[in-house]
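Engineer: Residues per chain are reported as follows:
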Amino acid sequence: MKNEFDRRAFMRISAMSIGAGALLQFSPLSGTARGALMAGLGRKQNGEAPGPFSIVQLSDTHVGFQGPPDPLGTKAFERAVDVVNALDPQPELILFTGDLTHDSDDPAEHARRFKAFREISSRLRVKKQMHVPGEHDAALDGGVLFRENFGETHYSFDHRGAHFVALDNVSRGKPIVGDEQIAWLKKDLARFPKTAPIVVFTHRPLFDLKPDWEWFTSDGDAVMNVLAPYENVTVLYGHIHREDHKTIGHAQHHAARSLIFAFPDPSAAEKKPLPFNPQQPFKNLGIRTISGTTASRALAAGINDVELSLRELSGTEGIQQMLKVGESL
Amino acid sequence: MKRIALIALIATALLSITLLSVAQETAPRVVEITAKKFEFNPKQITLKRGEPVTIRVVSTDRAHGFLVKPLGLDLDTDLGKPAEKTITPDTAGTFPAICDHYCGSGHGNMKMTVIVE
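For the record, the sequence lines run as chains A and B. -14 is the number of the first residue of the first sequence in this note's numbering; add one for each residue after it. 27 is the number of the first residue of the second sequence in this note's numbering; add one for each residue after it.
Hints listed in this document are in silico derivations from the structure and should not be mistaken for laboratory results. The structure presented is a predicted model; accordingly, all values stated were derived computationally and were not measured. Please note that a few of the clues may not be correct.
Derived PhoX-like pairs: lysine-lysine, alpha-carbon spacing no greater than 25 angstroms straight-line [what the hints assert, rightly or not]:
hint	chain 1	residue 1	chain 2	residue 2
1	A	Lys195	B	Lys63
2	B	Lys74	A	Lys257
3	A	Lys268	A	Lys231
4	B	Lys137	B	Lys74
5	B	Lys137	A	Lys256
6	B	Lys69	A	Lys195
7	A	Lys257	A	Lys231
8	B	Lys107	A	Lys256
9	A	Lys256	B	Lys63
10	B	Lys95	A	Lys195
11	A	Lys100	A	Lys195
12	B	Lys62	A	Lys195
13	B	Lys69	A	Lys256
In isolation and in its complexed conformation, chain B is listed as follows (with noise of 0.2 angstroms):
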């Protein structure tokens, strides 16, 4: 009986490494972005044509946004309150990402490109 225990529970175990080794291959890559006054870090991600991607903005200070719209990328992210969202690219390109958030005087320059190939 014993014996039978132990071998369901080795089963068990390697089932679970199994799924956790096939999850770990189909979660998307994660690419973080800073925000603070008034800039994005990285200047410039890229992305790939059909992977998907989750993309997590971190605010550093107070509210931001961050807008791709041809990625459907539209993230509102505060102190404390980090935004993602996991897209697929399906067109390649250069795209700009602005931060919508009215932030103050520099709020303009605030932004950065994201690369599709």
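In isolation and in its complexed conformation, chain A is listed as follows (with noise of 0.2 angstroms):
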């Protein structure tokens, strides 16, 4: 697939996508005099030159779900850890874009759903993780069992020259950022020259992408109208359980794969999970692939979807025997 992105990207994106989630390789345009430049001002910003470096997004594992779109609970999370564990060389930071755990009505079962994630995530060798919540964390409670556990809802960092901005679109219940934290997130831009490289992660879509559907944030265009002055700016989501990219002005969205049952592609007539196959466990939440490099002026993207098979992910883990776990979780 070639996809036109903005043509003064300062990042090379190149990603190969594992079973969760996408992995973004960013690099600078290194040896090129847009680049020093580049390298110059992120070093002046934040006090860290831009270098390559890779990320994974994990995105919606829902535990303490039980149903039968997806029989195996957990499983997809955990071979998840694995495959990401395998990885090498290692990514730096792990990206985890919300619905961590599924609501329960009763909050000490909840609490014990955050403390399972934290559990199963802790199995990962790369501990620099950051988290956003989504609406099965943060909805019912505002947000108290997410602070407890990860801190606060929206925030932002710097890693290698980028500026990272973690977004809350949930825990007010409705599908909204907020004014006030959309006046912080102006405040928090505002030291960052045009071209900076921004990546902003939150669990709903900053766009209508399916309103209907609730894939929406009601206040998306007031934060992106934030960010249009910036020239690169990539927002990576989740929530809608399956991968979407789109372009939109500057800013290049992109929703990574659930680790739990998938949706359907929003032109279908109802949202409903899409049915479990226990003979391709892990369908639609297999891996996918992305690989670019910047051309001239025009980043040529590949995307490449790869169904996991159950032995590429399992080794010698029969199906059965997955399914007999999955009916005790």
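Two chains, two frames, a set of hints: combine them into the complex.
Structural biologist: This is the structure we're talking about:
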């Protein structure tokens, strides 16, 4: 697939996916006058020179979910942990884009699900892990349990010259970021030049992907207006349980696959989880690879989806054994 | 003098009745929808294109939303706090309405249909 991204793109984006999400590799345009200029700007702005690095995005693990659409519970999440741990070299950073847990009316049970999530994610060799909440994590209690486990629901940090912004568009119950957080975002970005590489990670799409399915953020336009002056914006999100890519203005929006049942294409008549296929238990949770290079002034990106086979993922573990485990979850 | 006062009183009463009647004729129709986990009631309403109508949403348990973007409806209701908005639909069609305030595990099924004909 060829896709023309931002013509003044700062970063070369080369991504290779794992079974659970996208592995994005960012590298500045080294060896060019522009690359040198950007390296200098990055160093000046955040005290850290840009450099090539890789990140992993995992999304929608829904720890605690039980139901027919996915009888394997956390199996895909646990498999993703194994796959990420096998990456060589290891990514430097892992972003979780919400719905880490599945909610419960019983706060004590929901707390146990957060604990279970942390137990599984602690097996990751990569210890730099950043999180944003999904509505299943934070909408019923306003983000109390999320904050107890991971700290604030919105924040920012710098990593190798890129500025990462975590946005919360769930904890008010509605699909909204809110005026206060938008004012914070504007202030947070003010110290950066318009060419700075900015990576926003959040749960819901920041544009109207399919409002009838709640695939939107009501004030997403206001958020993107704040980001509009910036020329190199990447938005990573989850929520829709399927991959999706869209370029709007300067911003590239990428949804990661989920680690529990997938949803259909938004052109479908109904939002129903895709049925579980015992012969392909990770169908639609499979591998996505994206490779790209910046040639001339445009980015040619190749996106390759490879559906994971049981053998590739589970070694000698058979489907019957996995289903048996799933039943006991 | 008494006769003049009586005539004035009668005239005032007639005017009030007339004004009330006119107001009743022009007041928008009110369509009430109840919201509770995880359903709206009724499941379907029908509106007329060009006719003003007040949509009133009443929660019987907790916070819910009522969103029909194409009709400009984005209401928030809570227990004891009904929400309403008057609209004049200008486009015929069938529009899904959803709860967009997360209310629990069945939230995704909380929807209904608004028909404009």
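Engineer: Take the hints in turn and mark each one as holding or not.
Structural biologist: Do the hints match the structure? See the list:
no.: 1; hint: A:Lys195 / B:Lys63; result: holds, 23 angstroms
no.: 2; hint: B:Lys74 / A:Lys257; result: violated, 31 angstroms
no.: 3; hint: A:Lys268 / A:Lys231; result: holds, 23 angstroms
no.: 4; hint: B:Lys137 / B:Lys74; result: holds, 20 angstroms
no.: 5; hint: B:Lys137 / A:Lys256; result: holds, 12 angstroms
no.: 6; hint: B:Lys69 / A:Lys195; result: holds, 21 angstroms
no.: 7; hint: A:Lys257 / A:Lys231; result: holds, 23 angstroms
no.: 8; hint: B:Lys107 / A:Lys256; result: violated, 30 angstroms
no.: 9; hint: A:Lys256 / B:Lys63; result: holds, 19 angstroms
no.: 10; hint: B:Lys95 / A:Lys195; result: holds, 11 angstroms
no.: 11; hint: A:Lys100 / A:Lys195; result: violated, 32 angstroms
no.: 12; hint: B:Lys62 / A:Lys195; result: holds, 24 angstroms
no.: 13; hint: B:Lys69 / A:Lys256; result: holds, 18 angstroms
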